[in-house]
Amino acid sequence: MSESSGRNIEDLHLKSLTKKFGEVAAVDDLTLTIPAGSFFALLGASGCGKTTTLRMVAGLEDPTSGNIVIGDKDITHLRAFQRPVNTVFQSYALFPHLDIFENVAFGLRRRKVKDVDQKVNAMLELVELGPMARRKPSQLSGGQQQRVAVARALINEPDVLLLDEPLGALDLKLRRQMQIELKRIQVEVGTTFVHVTHDQEEAMTMADTVAVMNAGRIEQMGHPADIYELPQTVFVANFLGQSNLFAGSRTGQSGEVIMVDSHGMKFSVLSSRNSARSDEIIVGIRPEKIVVRDLVDRDNVPSGHNILEGRVTDVSYTGVSTQYVVETSWGQDVTVFEQNVIVGDRCEVGDQVILHWSPEHTFGLAGGETLLHKTAQVLAAGV
Amino acid sequence: MRWIRQRLLGVVAVLVLVYLFIPIAVVAVLSFNKPDGKYNISWNEFSIDAWTNLCGVPGVCASFMTSIRIGVISTIFATVLGTMIAFALVRYRFRGRSTTNLLIFLPMTTPEVVMGASLLALFLNLRFPLGETTIIIAHIMFTISFIVVTVKARLQGMDPRLEEAARDLYANPQATFRYVTFPLVAPGIAGAALLGFSLSFDDFIISFFNAGTVVTFPIYIWGAAQRGIPVQVNALATMVFLAAMVIVLTAQFVSYRKRKALQLPPKALEAALPRS
Ligand SMILES: Nc1ncnc2c1ncn2[C@@H]1O[C@H](COP(=O)(O)OP(=O)(O)OP(=O)(O)O)[C@@H](O)[C@H]1O
Ligand SMILES: [Mg+2]
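Chains S and B, in that order, are what the protein sequence lines are. Counted from 1, the first sequence has number 153 at position 124 by the working numbering; the numbering is strictly sequential. Counted from 1, the second sequence has number 928 at position 247 by the working numbering; the numbering is strictly sequential.
Misleading hints may appear alongside valid ones.
[To be verified] Here are the computed lysine-lysine pairs in the DSSO-like style, where the Cα-Cα straight-line distance is at most 30 Å:
no., chain 1, residue 1, chain 2, residue 2
1, S, 165, S, 148
2, S, 148, B, 939
3, S, 141, S, 202
4, S, 295, S, 148
5, B, 715, S, 165
6, S, 102, S, 148
[As the list claims (entries may be wrong)] Take a look, some chain S residues computed to stay more than 10 Å from chain B by CB distance:
no., residue
7, 120
8, 244
9, 283
If you're looking for bench data, these hints aren't it; they were derived computationally from the structure. Think of the CB as a built atom: it goes at the ideal place given N, C-alpha and C, for glycine as much as any other residue.
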């Protein structure tokens, strides 16, 4: 659609947004700016307040306190039908008594816009549903209904499009397909998309900016790759991809390198990659960054790398990669992903191995053993 | 034995249907009778006199029209009020909501004799002249419960997201009601109104207490039964039955057509799917 270039899109600001249901804060003092025209993903476990946040932006729920601002216009107290914001509901919420055409035309007709026919047809073209115009929603497949829901919201050229787990009801294959489709549509129309999901892969592949939400607050926000490479909290390290985390304490620093002692092992963490302020530091490393070698290869480890010894307790071959579980001397399981590019022997269950990785990939997080346990419990219960 | 066992369900079903329809069939058949004497109870001779001369007996048609009028008026009032009550009960949290919910059921469970008699006592105390108005008031009162229950069920079955979606799509509260809520609840309201009308048209006990000198169709039949029911009553009753059948069959046909339309030929679906 051509009007995107001429349209003046503006940033969406949430300022200290809070929503309490009784005593429980579903959304807790949320402050956040969503850049105009971005594909923004709000990622979090079930019940962390994602839907509540979207509903407040849409005007379907009144905030307990805080403000919602688009550009410099405060919309906190506008009613839902007065806001330049549209929603794609998780269950689509298509009007069952209206056909596809009328569903898509609904917003235009309420605002008494001209050229409804032409606009609706163009929009149906964009989502590739032209031939379906006169069908009823119940006569469409899940993926098609999903696109109608997107079309029905987008046709109003909102400043912000809110999508509440729009792909949740689709099977995996269709999900992948629709992810690409949605991304294409977003690029084409240039509208700000706020996409709620609890699928981290979906968030990372689609969004320019990801915000990881936990218990009503934003834990970390940024470009997906940045968050993945340098998580700043234990929750993010575990929720967005997998991490191996070792609780320890700082023993010294030489230049850029902080030394951390964990279970008698010495690890190096770059101070630029450490977000812990106190001496209590959790050392983290992503599974694919670890190199696993036979114990005899000890001498070939590059100097300065972090080293860990252990015994292989599980090997699973997944085609692209091999996943090892290695048990350390203090009984912690370490996960390692190795790309299947090595010719020759792989390590086997029972092998004593040496693990090593670069400090460039290591990150330091605030917290100790108790936080690790607590987060593990939350994640196990939530997702 | 096997034969019977295999067809037992069918046989029982047919017997039950026969049991249900014999009385109606008797009424219909006797509407073509030319009775020998006062009582139209045994077959005498075929005749279409009653059908060609429906209003031939004094009072029959007048009472029939009275009942239709009472039915229509009380149904309109009860449907409007009942629909509003149903909306209030489903949509709003207010003090006394659960009490109201309970009280609404009361007229459904109270014996009609008790209700008729108490209403009569009330009207007499208020010195309210008995007549069509009192019957209509009574009918609105007891049909409203059925209407509330029917509409409430429909409303509760409605996805609240649909109205939220409408609001999100620039529909103000009036437009939301007009374009989304009402069209979705309308079938429920229509069903409730039909039920209300049939309850009103059919009512004898409560009407009898509160009728004064007004003669409704059921009251007419009751009075006529002592002297011998005219054949015209059979003809009118058969007409009412046929009208009801037409309504039911039409509703069935419409929903069948809708269901049929939903079953897509798989080819058409495939062709419509986008490339990919
Ligand atoms: N209307 C409500 N009344 C009371 N509590 C509510 C209400 N809506 C949400 N909550 C609570 O607020 C919290 C956040 O809910 P919300 O629906 O925003 O979560 P979510 O992140 O969207 O979860 P999910 O991924 O499961 O959809 C939950 O603990 C939920 O129980
Ligand atoms: Mg949700």
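Results for each hint:
no. : hint          : verdict
1   : S:165 / S:148 : 19 Å, holds
2   : S:148 / B:939 : 29 Å, holds
3   : S:141 / S:202 : 39 Å, violated
4   : S:295 / S:148 : 64 Å, violated
5   : B:715 / S:165 : 55 Å, violated
6   : S:102 / S:148 : 27 Å, holds
7   : 120           : 6 Å, violated
8   : 244           : 25 Å, holds
9   : 283           : 56 Å, holds
In summary, the numbered hints that this structure violates are 3, 4, 5, 7.
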